[in-house]
Amino acid sequence: MSGPLRLEQVSIALEGRMLIPPFSVAVSPGEVLTLMGPSGSGKSTLLSVLGGTVAPVFRVTGRVWIGEREVTVLPPERRRIGILFQDDLLFPHLSVGENLAFGLAPSIRSRGAREARIDAALRDAGLAGFARRDPATLSGGQRARVALLRLLLAEPEVLLLDEPFNKLDAAMRADFRRFVFEHAKTAGLPVLMVTHDVADAEAAHGPVLELLHAPEGMPVIHGLDPRRAIHEAIEVASQTVWPPPTDRIKA
Amino acid sequence: MPRTALESRAVSARDVAHSPYWLRQAPRLTVALFLVPIVAGLLGTVLPAFGWLPAIGGRTVSLAPWVTLFSQPGIRDAIALTLVTGFSATALSVILVFGFCALVHGREPGRAGRAVMAPILAAPHAAMAIGVGFLIAPSGWIVRLLSPWLTGWHQPPDIATVQDPYGIALTLGLLVKEVPYLLLMTITALGQVPAARHVEAAAALGYGRTVAWLKLVLPQVYRQVRLPIYAVLAYALSVVDMALILGPSNPPTLSVLALRWFTSPDIRMYFPAAAAALLQLLMVLASIALWRGGERVVAQLGRRWIARGARGTSLEPVAWLAAAVVVGLAGLGVASLADLALWSFAAGWRFPQVLPAHWSARAWTGELGTILWPLETTLVVALVASVLALLLVLACLENEQRQGVAASSRALWLLYVPLLVPQIAFLFGMQVLLTVFHLDGSLLAVIGSHLLFVLPYVFLSLADPWRSLDMRYARTALSLGAQPRRVFFRIKLPLLLRPVLIAAAVGVAVSVDQYLPTVFAGAGRVVTLTTEAVTLASGGDRRFTGVFGLLQALIPLAVYGIALGVSGRNRFRRQALGGRS
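Chains as they are written, first to last, in this note's numbering: chain A, 1 to 251; chain B, 252 to 832.
Isolated chain A (complex conformation) (with noise of 0.2 Å):
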């Protein structure tokens, strides 16, 4: 448990042009919160703010603090905020158990304890054997999977999810949806989901926030609720979405 993930006036301007207005919104430990939008509006760009890899034609303002931890100061590295792409992005020319040894914190030092942890970690997945396999000749259910286990055994404390089940056939996306909410679940994990797929957004049982971008102005994040459909706004939120809107939608 790691304490919940806080946005606080976060804002994403590019060339003077606001792509997300200042909003505040907080994802507890096991929430999904699902952030939608039409391509270009600034998603993933916010996702590269929380991750502290954004480029510096970006301006940014605001801070993002899991539990009582501020981490807009902090480096990429030790900001324990861990990521999943649309690409599962394994290191090709590492194995798999080469991938998940790179994930595995360091604080396990001896070989056997670590091969023992990457071990139990495949075999949990389905995937027991696979340690010296090359990522290449793997399935992309079984690469997404490897990719997810990779980012847990670096022990992170949020985590977040950039269109990872897009590239995914139906079938193995809803498995793989699973094992993700099951995992970050288990793990007590807050997570920031972008996505475009409204089923994705019910799968994940959270608040839902849409970014709108009107042709001028400023853009406007609404709260809405899954179960309606995606361009009913059940409520307009005020530019900053605080308390959680989680109250709101859900009340």
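No lab work stands behind these hints, which were simulated from the structure alone. Positions of the beta carbon are idealized from the N, C-alpha and C atoms, including for glycine. One or more hints might be untrue.
[Stated by the list, open to error] Beta-carbon label-pair distances, calculated as ranges:
| no. | chain 1 | residue 1 | chain 2 | residue 2 | range |
| --- | --- | --- | --- | --- | --- |
| 1 | B | GLU567 | A | GLN86 | 41 to 49 Å |
| 2 | A | LYS185 | B | GLY812 | 49 to 57 Å |
| 3 | A | GLN86 | B | ARG362 | 29 to 37 Å |
| 4 | A | GLN86 | B | GLY812 | 35 to 43 Å |
| 5 | B | PHE740 | A | GLY40 | 30 to 38 Å |
| 6 | B | TRP664 | A | VAL57 | 16 to 24 Å |
| 7 | A | LEU14 | B | PRO271 | 26 to 34 Å |
| 8 | B | ALA447 | A | VAL57 | 28 to 36 Å |
| 9 | B | ALA447 | A | GLY40 | 25 to 33 Å |
| 10 | B | ALA561 | A | GLN86 | 45 to 53 Å |
[To be verified] Sample of chain B residues lacking proximity to chain A, with all beta carbon distances greater than 10 Å (derived):
| no. | residue |
| --- | --- |
| 11 | ALA283 |
| 12 | LEU293 |
| 13 | ALA331 |
| 14 | GLY361 |
| 15 | TRP392 |
| 16 | LEU441 |
| 17 | PRO445 |
| 18 | LEU467 |
| 19 | GLU546 |
| 20 | TRP571 |
| 21 | TRP664 |
| 22 | LEU695 |
| 23 | LEU711 |
| 24 | ALA809 |
| 25 | LEU815 |
| 26 | GLY819 |
[Claimed, not checked] Partial list, derived from the structure: chain B residues whose beta carbon lies under 10 Å from chain A:
| no. | residue |
| --- | --- |
| 27 | ASP721 |
| 28 | THR727 |
| 29 | ALA728 |
| 30 | GLN734 |
| 31 | LEU746 |
| 32 | LEU748 |
Place chain B on chain A using the hints.
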């Protein structure tokens, strides 16, 4: 959380990505490393060109060096020869390459094409000049193949086919080296424009293939090959080693004339030499400006030509001719290198025999010492310069990614400075400077002078593959808690091993190619295969010359082979990286 604490604050990656201080200084250091010597060297040439060189008693500023320069016999012929060879080599290269690309467009260069291009691209200019000289000499392979059955010659004819007064042999030598280079640059640029679809679209409108390529693809591609073309123009106008081997000697080209005076025992000749070197620089700058003007004219005419909408297939034969000449030049290049090998192992080879009657390795083993010493120097200089260049370039690229800002196109022009400024124009001045610090004639000075040329090529070779690596690999690794340094060594370097090693190999090839920097910075005391080969080429024994020329050509090729082999084996384990390609 009290709202008062919510003051806005920038939290971009720039604040948090910690590039250590030394890494942030890498671009500045790199630019300084090659600009400072060039600017200082230019200054050291400009001052003596106007009579100022206190070390040898020049303490009055005057135009006397210029008066001396223009009163030298044959100076006008030298200038004319320089301009004619430089422009004809460049213009022909450009026309041939574009004609070739227009014709073969859309067909990937096959294995055979690459196999022919690689040794020609890798071979140093001096080695290629020696090979071409062997090949087209009156007693060379070409005449031998035709004699006596066609020509009736039983003795080598008395014709000046090499070092001819019109510089035809020199132009040919330049074409053999520069056409493959421009071809490679053009093919690379073609990969970045949707050329095939545009040609298809034009074909649907009834345009012939060649015309469609010239009207649609060339204007898009030209922008990207402009700098390489200027580099070829500058090189062709001011080349020294090829001109020494293939060009006429009386009068020679302007750069050779300047070199002759710089190395003359009469130190008063330094002054007209400096004036000649400065004149060479002005000629190159004016020529580039002229070429730029020509581009505009051609572009205007081209616009009208495009607007007229002529579909025509009449250019097809021209393109075929260009392509045939390109293939012929490639054949000439490979045959030249083969000729070097033959001569190095020939024992008795009488005219008009096509192959030596007897073979011997005596040229190789006879005086092994005279080969090994320059070989060692060549390798040490090339490897040290390449490794230094690689470290600087990697530091620049890594810094660029951590700061999240790419170098501007203006910075790219800076990179081209050492390739556009004639070597003769700043090397003398640099040597004067080296003398001040007692560094002239040292290996360190030679390595430093090579670095000026190795650096830009290593950067140009590595920048694109480095920048096109999916940034999300690094982001993922960071999010797993890996330090930036670990991400660099464990993720980026291994993933980019092949381009890194190839860039290093390019560096070695560029270093082995350097003649003039070795002569000047080495003050004649540092002897490499290249300086030996050029010296031997003027009247030395052909077998020996063959040995040095061949060794010179083999080193870059061997290094490329090692680079591909090492990265290939490393990648063989992982399918996603493609194994050998």
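Each hint, compared with the structure:
| no. | hint | verdict |
| --- | --- | --- |
| 1 | B:GLU567 with A:GLN86: 41 to 49 Å | holds (46 Å) |
| 2 | A:LYS185 with B:GLY812: 49 to 57 Å | holds (55 Å) |
| 3 | A:GLN86 with B:ARG362: 29 to 37 Å | holds (35 Å) |
| 4 | A:GLN86 with B:GLY812: 35 to 43 Å | holds (38 Å) |
| 5 | B:PHE740 with A:GLY40: 30 to 38 Å | holds (35 Å) |
| 6 | B:TRP664 with A:VAL57: 16 to 24 Å | holds (23 Å) |
| 7 | A:LEU14 with B:PRO271: 26 to 34 Å | holds (29 Å) |
| 8 | B:ALA447 with A:VAL57: 28 to 36 Å | holds (33 Å) |
| 9 | B:ALA447 with A:GLY40: 25 to 33 Å | holds (29 Å) |
| 10 | B:ALA561 with A:GLN86: 45 to 53 Å | holds (47 Å) |
| 11 | ALA283 | holds (24 Å) |
| 12 | LEU293 | holds (36 Å) |
| 13 | ALA331 | holds (52 Å) |
| 14 | GLY361 | holds (27 Å) |
| 15 | TRP392 | holds (47 Å) |
| 16 | LEU441 | holds (27 Å) |
| 17 | PRO445 | holds (22 Å) |
| 18 | LEU467 | holds (30 Å) |
| 19 | GLU546 | holds (33 Å) |
| 20 | TRP571 | holds (43 Å) |
| 21 | TRP664 | holds (23 Å) |
| 22 | LEU695 | holds (37 Å) |
| 23 | LEU711 | holds (24 Å) |
| 24 | ALA809 | holds (26 Å) |
| 25 | LEU815 | holds (17 Å) |
| 26 | GLY819 | holds (13 Å) |
| 27 | ASP721 | holds (7 Å) |
| 28 | THR727 | holds (5 Å) |
| 29 | ALA728 | holds (7 Å) |
| 30 | GLN734 | holds (6 Å) |
| 31 | LEU746 | holds (6 Å) |
| 32 | LEU748 | holds (8 Å) |
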